[in-house]
Amino acid sequence: AQSVAQPEDQVNVAEGNPLTVKCTYSVSGNPYLFWYVQYPNRGLQFLLKYITGDNLVKGSYGFEAEFNKSQTSFHLKKPSALVSDSALYFCAEARRGANNLFFGTGTRLTVIP
Amino acid sequence: DGGITQSPKYLFRKEGQNVTLSCEQNLNHDAMYWYRQDPGQGLRLIYYSQIVNDFQKGDIAEGYSVSREKKESFPLTVTSAQKNPTAFYLCASSSDRDTYNEQFFGPGTRLTVL
Chain A
92 AQSVAQPEDQ VNVAEGNPLT VKCTYSVSGN PYLFWYVQYP NRGLQFLLKY
142 ITGDNLVKGS YGFEAEFNKS QTSFHLKKPS ALVSDSALYF CAEARRGANN
192 LFFGTGTRLT VIP
Chain B
80 DGGITQSPKY LFRKEGQNVT LSCEQNLNHD AMYWYRQDPG QGLRLIYYSQ
130 IVNDFQKGDI AEGYSVSREK KESFPLTVTS AQKNPTAFYL CASSSDRDTY
180 NEQFFGPGTR LTVL
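So the protein sequences, as listed, match chains A and B.
In terms of the numbering used here, the first sequence opens at residue 92 and continues consecutively.
In terms of the numbering used here, the second sequence opens at residue 80 and continues consecutively.
Hint data in this document are derived by calculation from the structure and do not stem from the laboratory.
Wrong hints could be hidden among the right ones.
[Stated by the list, open to error] Subject to a maximum C-alpha distance of 27 angstroms in a straight line, what follows is the list of computed BS3-like cross-link-like pairs (lysine-lysine): (1) K150/B with K136/B; (2) K140/A with K136/B; (3) K140/A with K93/B; (4) K93/B with K162/B; (5) K140/A with K113/A; (6) K150/B with K88/B.
[As the list claims (entries may be wrong)] Across the chosen pairs, the derived CB separations fall in these ranges: (7) L173/A with G119/B: 20 to 30 angstroms; (8) K93/B with L147/A: 43 to 53 angstroms; (9) K93/B with E99/A: 23 to 33 angstroms; (10) I203/A with N97/B: 38 to 48 angstroms; (11) R189/B with R199/A: 15 to 25 angstroms; (12) Y152/A with R123/B: 20 to 30 angstroms.
For every residue, glycine included, the Cβ atom is placed at its ideal position computed from N, Cα and C.
Assemble the whole structure, with the sequences as input and the hints as a guide.
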């Protein structure tokens, strides 16, 4: 079965420090992978996606993610965290030819001033 | 929230009542989706539609119904058969059925059963 795992419910990081939000996937072959962010009582906003090609994907707001096939991971990263980055982050995957996305359970990021 | 509107923002329902959540998009997208969000469970797909007058069940369709009579509209009805309807409901759309296209989400409707 398809699934993504976000092993950390909560990540705390000091402002200005690098941040990493972890995601692993389980689809065999070449999955489509996405990161979304959700601010309180709002819908999800698309950050970035991996389809094919370069393993390092750059997205909105200075975020990037690295597709690692050997580790089946797609961790979200940012070199310097901002307090405004505090939000709920979701990883999602889709199998090629499928009709929908499968979301992880989310990781709450708190950036401490 | 990119051209997708959901109404109402908050909705209260008495047990045994059906309620309909509105979702409208002006992005000219073919595909539309309904998700349910519960704390600690991420998003779960209720129904999706890839084209007008066609829709498919997602992972948790029981107790819900949808229609897709117009391209821009995809209303969700939460029926009395849904045993635990209190949740945050999110509507999304994408430009076509291919899942490499990102989905655009509405602001959500929070449904509470009294």
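**OP:** Below or equal to 27 angstroms on CA atoms is what counts here, so check K150/B against K88/B.
**Re:** Roughly 22 angstroms between the alpha carbons, so the hint for K150/B and K88/B holds.
Original post:
Does the Cβ distance between R189/B and R199/A fall inside 15 to 25 angstroms?
Top reply: Given about 18 angstroms between the Cβ atoms, the range holds.
Subject >> Satisfaction of the hinted span 43 to 53 angstroms by the C-beta atoms belonging to K93/B and L147/A >> reply: Roughly 52 angstroms apart at Cβ, these two residues keep to the hinted range, so it holds.
**OP:** Mind checking the alpha carbons of K93/B and K162/B for me, to see if they're no more than 27 angstroms apart?
**Re:** holds (12 angstroms)
Subject >> Range hint compliance [Cβ, L173/A to G119/B, 20 to 30 angstroms] >> reply: Hint holds: Cβ distance 26 angstroms, inside 20 to 30 angstroms.
Original post:
Given the hinted pair K140/A and K136/B, is their alpha-carbon gap at most 27 angstroms?
Top reply: holds (25 angstroms)
**OP:** Decide if the proposed pair is consistent with the structure: K150/B and K136/B, CA atoms, cutoff 27 angstroms inclusive.
**Re:** holds (18 angstroms)
Subject >> Distance restraint hint 38 to 48 angstroms, applied to the beta-carbon atoms of I203/A and N97/B >> reply: Hint holds: Cβ distance 45 angstroms, inside 38 to 48 angstroms.
Original post:
CA of K140/A to CA of K113/A, is that 27 angstroms or under?
Top reply: With Cα atoms ~15 angstroms apart, K140/A and K113/A stay inside 27 angstroms; holds.
**OP:** Indicate whether the distance between the beta carbons of K93/B and E99/A respects the range 23 to 33 angstroms.
**Re:** violated (39 angstroms)
Subject >> Beta-carbon spacing of Y152/A to R123/B - inside the hinted bounds 20 to 30 angstroms or not >> reply: holds (26 angstroms)
Subject >> K140/A paired with K93/B [C-alpha distance capped at 27 angstroms] >> reply: violated (41 angstroms)
When the structure is compared with the earlier hints, violations turn up for hints 3, 9 and for no others.
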